[in-house]
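Given the structure of chain A, go ahead and fit chain B onto it with the hints provided.
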Amino acid sequence: MSTTRLSLAYMPLLDAAPMIVAQEMGFAAQEGLDLDLVAAPSWSSIRDMLVFGRVQAAHMLSPVPVATALGLGGAGSALSAASVTSINGNILGVSNELAAKLRDAGHGFDLTDADAAGRALIAAAPTPLRMGVPFPFSMHAELLYYWLSALGLPAPQGVEIKTVPPPLMADAIAAGEIDAFCVGSPWGSIAVENGVGALLLAGSAIWSFAPEKVLCVRNDWAEEEQALLGRLIRAIWRAGRWLDEPGSRGLAAEILARPEYLNLDAEILDRGLTGKLTINSAGDQREVPDFIVFHDGAANFPWRSQAEWIAVQMAARTGLDRATAARLGRATFRSDIYREAMKGTKADLPGASSKIEGGLTERTAVASDGGTLFLRRNQFFDRQIFDPKRFE
Amino acid sequence: MDRGLSIVIVESDRDRAMLIVDSLREAGDFEIHVIAEVTGLSRHIKQHNPDVVLIDIENPSRDMLEELALASGPLDRPVAMFVDKSAEGLTDAAIEAGVSAYVVDGLKPDRLKPILDAAVARFRMFQRIRTELAETKRALEERKVIDRAKGMLMKAKGLNEEEAYALLRKTAMDQGRKVADVAQALVTAAGLLS
Numbered sequence: 001m002s003t004t005r006l007s008l009a010y011m012p013l014l015d016a017a018p019m020i021v022a023q024e025m026g027f028a029a030q031e032g033l034d035l036d037l038v039a040a041p042s043w044s045s046i047r048d049m050l051v052f053g054r055v056q057a058a059h060m061l062s063p064v065p066v067a068t069a070l071g072l073g074g075a076g077s078a079l080s081a082a083s084v085t086s087i088n089g090n091i092l093g094v095s096n097e098l099a100a101k102l103r104d105a106g107h108g109f110d111l112t113d114a115d116a117a118g119r120a121l122i123a124a125a126p127t128p129l130r131m132g133v134p135f136p137f138s139m140h141a142e143l144l145y146y147w148l149s150a151l152g153l154p155a156p157q158g159v160e161i162k163t164v165p166p167p168l169m170a171d172a173i174a175a176g177e178i179d180a181f182c183v184g185s186p187w188g189s190i191a192v193e194n195g196v197g198a199l200l201l202a203g204s205a206i207w208s209f210a211p212e213k214v215l216c217v218r219n220d221w222a223e224e225e226q227a228l229l230g231r232l233i234r235a236i237w238r239a240g241r242w243l244d245e246p247g248s249r250g251l252a253a254e255i256l257a258r259p260e261y262l263n264l265d266a267e268i269l270d271r272g273l274t275g276k277l278t279i280n281s282a283g284d285q286r287e288v289p290d291f292i293v294f295h296d297g298a299a300n301f302p303w304r305s306q307a308e309w310i311a312v313q314m315a316a317r318t319g320l321d322r323a324t325a326a327r328l329g330r331a332t333f334r335s336d337i338y339r340e341a342m343k344g345t346k347a348d349l350p351g352a353s354s355k356i357e358g359g360l361t362e363r364t365a366v367a368s369d370g371g372t373l374f375l376r377r378n379q380f381f382d383r384q385i386f387d388p389k390r391f392e
Numbered sequence: 001m002d003r004g005l006s007i008v009i010v011e012s013d014r015d016r017a018m019l020i021v022d023s024l025r026e027a028g029d030f031e032i033h034v035i036a037e038v039t040g041l042s043r044h045i046k047q048h049n050p051d052v053v054l055i056d057i058e059n060p061s062r063d064m065l066e067e068l069a070l071a072s073g074p075l076d077r078p079v080a081m082f083v084d085k086s087a088e089g090l091t092d093a094a095i096e097a098g099v100s101a102y103v104v105d106g107l108k109p110d111r112l113k114p115i116l117d118a119a120v121a122r123f124r125m126f127q128r129i130r131t132e133l134a135e136t137k138r139a140l141e142e143r144k145v146i147d148r149a150k151g152m153l154m155k156a157k158g159l160n161e162e163e164a165y166a167l168l169r170k171t172a173m174d175q176g177r178k179v180a181d182v183a184q185a186l187v188t189a190a191g192l193l194s
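Chains A and B are the protein sequences, given in the same order.
According to the numbering used here, the first sequence holds residues 1 to 392 in order.
According to the numbering used here, the second sequence holds residues 1 to 194 in order.
Derived from the structure by calculation, the hints contain no laboratory data.
What you are looking at is a predicted structure, and each value in this text was computed from that prediction instead of being measured.
Even glycine gets a Cβ: it sits at the ideal position worked out from N, Cα and C.
It cannot be assumed that every hint is accurate.
Said to hold, decoys possible - Pair ranges (Cβ atoms, derived):
no., chain 1, residue 1, chain 2, residue 2, range
1, B, 178, A, 327, 52 to 62 angstroms
2, B, 12, A, 250, 37 to 47 angstroms
3, B, 142, A, 36, 18 to 28 angstroms
4, A, 372, B, 113, 56 to 66 angstroms
5, A, 7, B, 142, 17 to 27 angstroms
6, A, 34, B, 178, 12 to 22 angstroms
7, B, 132, A, 363, 51 to 61 angstroms
8, A, 105, B, 131, 23 to 33 angstroms
To be verified - Covered, in the sense of this in silico footprint (three residues per stretch, anywhere, with C-beta under 8 angstroms from a C-beta of chain B), are these stretches of chain A:
no., segment
9, 36-44
10, 131-137
11, 301-314
Isolated chain A, as found in the complex (with noise of 0.2 angstroms):
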């Protein structure tokens, strides 16, 4: 197979390693592949890059084709989500200020509780509560509305989401615009390590299945060159496969920290990639289970119910028909697409493309094609179910 030349435009941040493993550990070229890895100032540049035809494919936030077919952002051409690429991996923060109230008032960080973390937040917080996140189209924006809205905080009146890119979240505390953030790793343990914040809540405490970055490229590319895409969403699933091996995330963690890609002390993404983090400049250590998931429990497969989630959020938020909405956000994960690059390989497909978000308290044998397809447990913190039917 001859090599084609194939660009990706990345952020940098942990959980780039899928498209940086495929091409530093050759799985891309096992796919006849090489990717010039591009990296990008902002969100924006990347999806601009895309629309542009500047770059063939990205690593993208996993509302941005979503809130695309909405009408929502600047996005000029429509986008479609191959595969996911990362589950989890957000990690909530509060200022050092905010984090000493919470101490005061008896809270214990533990970093899982998101209903306890919660309420001693709003109990402790100015009104209205103002958080950063870096991309208003973001999981990171979606979960921090769910999570306060649920617990009697609701936007805009309760609760401001402010848009502050990561590198300038520090900045963004010490000029009291905002009180906490929500952020991707390794920014959640660089604020740690730079005395900016404490980290209050996993961002799996609030999903424990969420879908975080997803391989992202134009519509008009994905049927022009299906064929090429099929080879970019394979080189990637093998990528992630081989990050959830144990034993493969020091390596990661080496490779990801080169001055070309995060340029980082491996140490700091080790935190992010193992879930045994920091969580304030006393040292306080905390391990989260599953912080971050490349691989496991069909984990790359873009499940329809996953992106109408995010498009019945986004509508109850703007004012859109929720079930336009739901219609209009399903069609962008697309799972026929992953299932046709998936054909003849060992991955084993879930029988369903949808299946109900938040239903499963443990991990569950489901129906698949090979028979032997476990999930792994799908729950809000409130207990809530999400079942796509509805909008059918």
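Relative to chain A, chain B alone:
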């Protein structure tokens, strides 16, 4: 009379900002504000209620502008990345030059064109300077590596400086590589062996 469009420029480098302002003034009668401070960026932009926002594509605080696309009240004017591809390749030219323009909903392309043309010309110049700087820096780094490799060869093989360089050059030619790459390989290998 038609009010001149209002433009906000987000740029923390004062000299660059002034250069952009100057070229816009030459292009027409606009009300121009420069915002240098990125903290509270979208709030500050809203206070000016601009028709057009110009920002460097490489600026990480660009994501803060995406909020402006979501009008939060009935009087708010949504501002979005200008993505109308039909407008004489305006956006392509802008992206090429490294400037992103956020434009208020409903603004006609012909009113935008002089602004973008001026901005694009200016940002092209910035980009040329940036490329030249990077090029100079790279050349300097290469010189340093070549000097180190030469020094190693002189010491290890008892060569003079000219002979050491000739050896590097010959090796590079034989292998079809750049002298700097061969020098880098030597320096790296020596680092591993020491």
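Taking the hints in turn, this is what the structure says about them:
For the pair residue 178 (chain B) and residue 327 (chain A), the supplied restraint of 52 to 62 angstroms holds, since their beta-carbon distance comes to about 55 angstroms. Separated by about 39 angstroms at the C-beta atoms, residue 12 (chain B) and residue 250 (chain A) satisfy the suggested range of 37 to 47 angstroms. Look at residue 142 (chain B) against residue 36 (chain A): about 22 angstroms separates their beta carbons, and that is inside 18 to 28 angstroms. One distance hint, 56 to 66 angstroms for the beta-carbon pair residue 372 (chain A) and residue 113 (chain B), holds here, with the actual separation near 60 angstroms.
Distance hint for residue 7 (chain A) and residue 142 (chain B): a CB-CB separation of about 26 angstroms, consistent with the stated range 17 to 27 angstroms. About 20 angstroms separates the C-beta atoms of residue 34 (chain A) and residue 178 (chain B), a value consistent with the hinted range of 12 to 22 angstroms. Range check, residue 132 (chain B) to residue 363 (chain A): about 57 angstroms between beta-carbon atoms, so the 51 to 61 angstroms window is met. A hinted range of 23 to 33 angstroms for the beta carbons of residue 105 (chain A) and residue 131 (chain B) is inconsistent with their spacing of about 55 angstroms.
Coverage of the segment 36-44 of chain A by chain B holds in this model, with 4 residues showing a Cβ closer than 8 angstroms to a Cβ of that chain against a need of three. Proximity of the segment 131-137 of chain A to chain B, defined as three or more residues with a beta carbon under 8 angstroms from a beta carbon of that chain, is established by the 4 residues found. Evaluation of the coverage hint for the segment 301-314 of chain A: breached, as 0 residues show C-beta separations to chain B shorter than 8 angstroms, against a requirement of three.
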